[in-house]
Amino acid sequence: MIEKLLERAKSGDRVALSKLITIIEKNSEKRKEIIKRIFACPAQGKIICFTGPPGVGKSTLIDQVLSILSSEGKKVGVILVDPRSPFTGGSILGDRIRMQRHATNPNIFIRSISCAKNPEGVSRYVKDILKLMSIAGLDYIIVETVGAGQIAVEVSHICHTTVLVLMPNMGDDIQMMKAGILETADIYVINKADIQGADLTEAYLRDNIEKRDGWMPPIIKTVGYNKATVIPLVEKIKEHLSKEVCRYREKVKGLLKTMFLEYLDELGLRFLENNSNFEKIVDDVSTCKKDYYTATEELFDMLKKEVLKDDKRN
Amino acid sequence: MRKRILVAKVGLDGHDRGAKVVARALKNAGFEVIYTGIRQSPEQVVETAIQEDVDLIGLSCLSGAHIPLFRRVMELLKEKNIKIPVFCGGTIPPDDIPILKKMGIKEVFGPGSSLKDIVEKVREMVAK
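First to last, the sequence lines map onto chains A and B.
Residue 204 in this note's numbering is what sits at position 202 of the first sequence, and the numbering runs on without skipping anything.
Residue 124 in this note's numbering is what sits at position 56 of the second sequence, and the numbering runs on without skipping anything.
Just chain A, same shape as in the assembly (with noise of 0.2 Å):
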């Protein structure tokens, strides 16, 4: 049922991509088979992500990008990403709602995904929808995200252009120069550049962007209703894009990493659960009988042991 499904959708099928998206949120062994056939086609689809606090504009500059890029017969895919309630579970995604006008533009395909409040702040499998449409016969991939730091690094592994945006007045260069943040954008972007304070953040901005790889970030200034303002946004995307071919390798690096320590992650997490000697240890360390450090190291040595274990069974 994959294959003919992902057939459809290579040929711009979009039930059929929806379809596959749903299967990829699903199930998490067919979303492994998925990227195991897709990974070698070759991706067509340049991905592009606008990351920044709530309520700077993203979705509406989105809108902004699509008119302009559907006006030039380009196919682009969007993946609107909304945090789910770590409560009910339940979510409200409301992103597209800046963008109905393109709901029925058939170059235009828009998707909603909820992310639970994860560390990495995407789901895990946010990429393998990237990739999934990277082959589906479009032009470009735009995902929209809530968050920076931390989040905006993961995210930058799987783009090939990322967009940070901001608006007047977020703070001064105080909270410009701390880490994490400043540090991943490709092009920053000061949206709602009508309001009072917007040259100040620039000048704030600009004291703290780096050549990075022989590329300077520019700083663009938009009014996300005014689509003359957003044309140079789409400008130097672009242009970043057709310069970005040389980091794919230290991308793809960074991504491995990423996915190797959650790998990890998920083992460690696992083997706790099932260790009959935790519930001990943490007697042993509650009680001042053995320290956190020694602890640890045993459990290590216990996890090792296990691994081996595995391994002669194979």
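These are calculated hints, taken from the structure and not from any lab test.
Virtual Cβ for every residue (Gly too), placed ideally from N, Cα, C.
One or more of the hints may lead you astray.
What the hints assert, rightly or not - Cβ-to-Cβ under 10 Å is the rule here; a few derived chain B residues that face chain A:
1) Val75
2) Arg92
3) Lys95
4) Gly98
5) Val101
6) Tyr103
7) Arg107
8) Gln108
9) Gln119
10) Asp121
What the hints assert, rightly or not - What the simulated footprint calls covered on chain A by chain B, stretch by stretch (three residues with Cβ under 8 Å from a Cβ of chain B suffice, anywhere in the stretch; the number is not a length):
11) 84-91
12) 99-107
Knowing the structure of chain A, use the given hints to seat chain B on it.
Just chain B, lined up with the frame of chain A:
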């Protein structure tokens, strides 16, 4: 996997309080709600339902044009061979309920409906 529900208002009416209250109740009940807001055409609703691969469509209309608008949504779903159940709400006179049900709409929630009742019926509809 959380069930996904599209909540949309069709036609030229801006009364979105009801749709927003229902959307929030469904979120609190653990559903994933895709909210498209006001002034949607039937074509936008159906295209969105396809792209979002939802399990249920909720339509709201308070303008009085619910019969032709909802009918068009049901026709488009049929034309595209999309089998997603539909429920609706709004200022709908009791006499219209049988007409809407005949179109294939599963449940109709008029003014005064309780959220508890809506959530319960929605659970039944997505379970089928």
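Right, here's what the structure says about each hint:
1. Because the beta carbon of valine 75 of chain B sits about 9 Å from the nearest beta carbon in chain A, less than 10 Å, this interface hint is met.
2. The interface hint given for arginine 92 of chain B is met, as the beta carbon of that residue sits about 7 Å from the closest beta carbon of chain A, less than 10 Å.
3. Taking 10 Å as the C-beta cut-off, the interface hint given for lysine 95 of chain B holds, the closest approach to chain A being about 4 Å.
4. Interface hint status for glycine 98 of chain B: upheld, as the beta-carbon distance to the closest one in chain A is roughly 5 Å, under 10 Å.
5. For valine 101 of chain B, the interface hint holds, the least distance from its beta-carbon to any beta-carbon of chain A being 5 Å, beneath 10 Å.
6. For tyrosine 103 of chain B, the shortest C-beta to C-beta distance to chain A is roughly 5 Å, which falls under 10 Å, so the interface hint holds.
7. With a least beta-carbon distance of about 9 Å to chain A, the hint placing arginine 107 of chain B at the interface is held under the 10 Å criterion.
8. A distance limit of 10 Å between C-beta atoms decides the matter here; for glutamine 108 of chain B the minimum to chain A is near 7 Å, and the interface restraint holds.
9. At its closest, the beta carbon of glutamine 119 of chain B sits 6 Å from a beta carbon of chain A; the interface hint therefore holds under the 10 Å criterion.
10. Interface restraint check: aspartate 121 of chain B against chain A, minimum CB-CB distance 4 Å, threshold 10 Å, status holds.
11. Under the rule that three or more residues need a Cβ within less than 8 Å of chain B, the assignment of the segment 84-91 of chain A holds, with 4 such residues.
12. Remark: the segment 99-107 of chain A is confirmed as covered by chain B, as 4 of its residues place a Cβ nearer than 8 Å to a Cβ of that chain, reaching the required three.
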